[in-house]
Amino acid sequence: MIEVTYLVLLSCVVFVIGIVGVGLNRNNLVAILMNIELMLIAVNINFIAFSNYHQNLEGHIAVFFVLAIAAAEAAIGLAIFVKLYERYHSIQADKFSSLKELA
Amino acid sequence: MLDLVFLISGVGLVLSALNVALSTHPVRSVFSLMLSFMFTAVMWLGLGAEFLALALIFIYVGAVMALFLFVVFMLNVDHLPRALPRMATLFMLGIIVSGSVYLLLEHSGWQAELRKVSLNEHTRQLGLLLYRDYWLWAEVVACILLASMVGSILLVKSRSLSQKND
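Protein chains in written order, with the UniProt record's numbering: chain A, 1 to 103; chain B, 1 to 166.
Chain B on its own, in the form it takes in the complex:
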């Protein structure tokens, strides 16, 4: 049952990621990215990372991708010319890299069964680890988020501010 969930979410993730990379229409590619995040969240739920899966859906699909969609709608980014001649080279590169990793994994004989992280109270344990051992890094990340918020507001508003000063 769980294997089927992983199989479906993995195939869906790869297909929607391909659509993100290959689609010529930005709106379609934003929605494909949303879909690939949803498949990733399903996979993380199967692995027992419930808090991260829900954070992915709420923060990424809910907020960041909505921001992407907003910018794509606001700016006229349809049908920009693409670099077609290099497509074959890139696909060869991708096939070579993925194939070599696959061969490495196959021939290393590494059979590692995955277990879930002890599912009871995953969120609680994550919070304890975050605020007990990694509290300094949580504060640093909070400062970075605040700086990015202030920075993006200032970037977008700076023209009207400078006009007011002139």
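Isolated chain A (complex conformation):
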């Protein structure tokens, strides 16, 4: 049977891939959101692994809530991107500097 360590390592690798993806695609807001979803999936794998290890279903409830909140976050984020594209005709993150202090 499979061991918990395999799943912990797998979720760690996927989480790190998500962080690297956020760093690589700093300009593209949609790609940042996708990499955040990847990181959430890694966290969920960890939750399910330890929930099975302890034979306790509360970890599955946590995964359920994480999925629901992530869906809400994606909907709001994409709506904001549509508005930003309407205004700036791009969703390149470098272009949104109007709140930055004028040096």
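Some hints could be false.
Stated by the list, open to error - What follows is a list of derived Cβ distance ranges for each label pair:
hint	chain 1	residue 1	chain 2	residue 2	range
1	B	F91	A	F65	29 to 35 Å
2	B	V5	A	A93	37 to 43 Å
3	A	E101	B	L67	15 to 21 Å
4	B	F73	A	Q55	42 to 48 Å
Just so you know, these hints were derived from the structure itself, not from any lab. Just so you know, even glycine gets a beta-carbon here, dropped at the ideal spot from N, CA and C.
Please arrange chain B on chain A, whose structure you already have, making use of the hints.
Below, chain B without anything else, positioned relative to chain A:
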């Protein structure tokens, strides 16, 4: 048999996640994310979390990723410039973090065999726990979902509304 399923879904998950992070084309990266969710769902089925695996496929692959795909098609997000000089630093960071976790797990001598959560009536037990012990949090999440739905509709519609008022 089950080990093989975990191995295949794990390798597939890592490969498709790498494609999400590294692909320069947003549509390709959306489809890779869908693929990685499918592999995760296979893994969760193997662990006995049937309801969550099916919810992942129905809600995530079916609804949220379709929304992503819709936005990527609607907005012109192809070929944005990337931050290439930092790539080597990020990969070093990733290798260091993963390697240190691997070494920690190897040397801790922690051998924990996974068992499935008692497979009979997983969905029923999850529902009982959700509506008996966590009903307040279920209501809170429902309110958050409703607020996000109303908020995203208002965000996208606000220009036409304000034009009507002017």
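Starting from the hint list further up, note which numbers the structure goes against and sort them upward.
As far as the earlier hints go, only 3 is violated by this structure.
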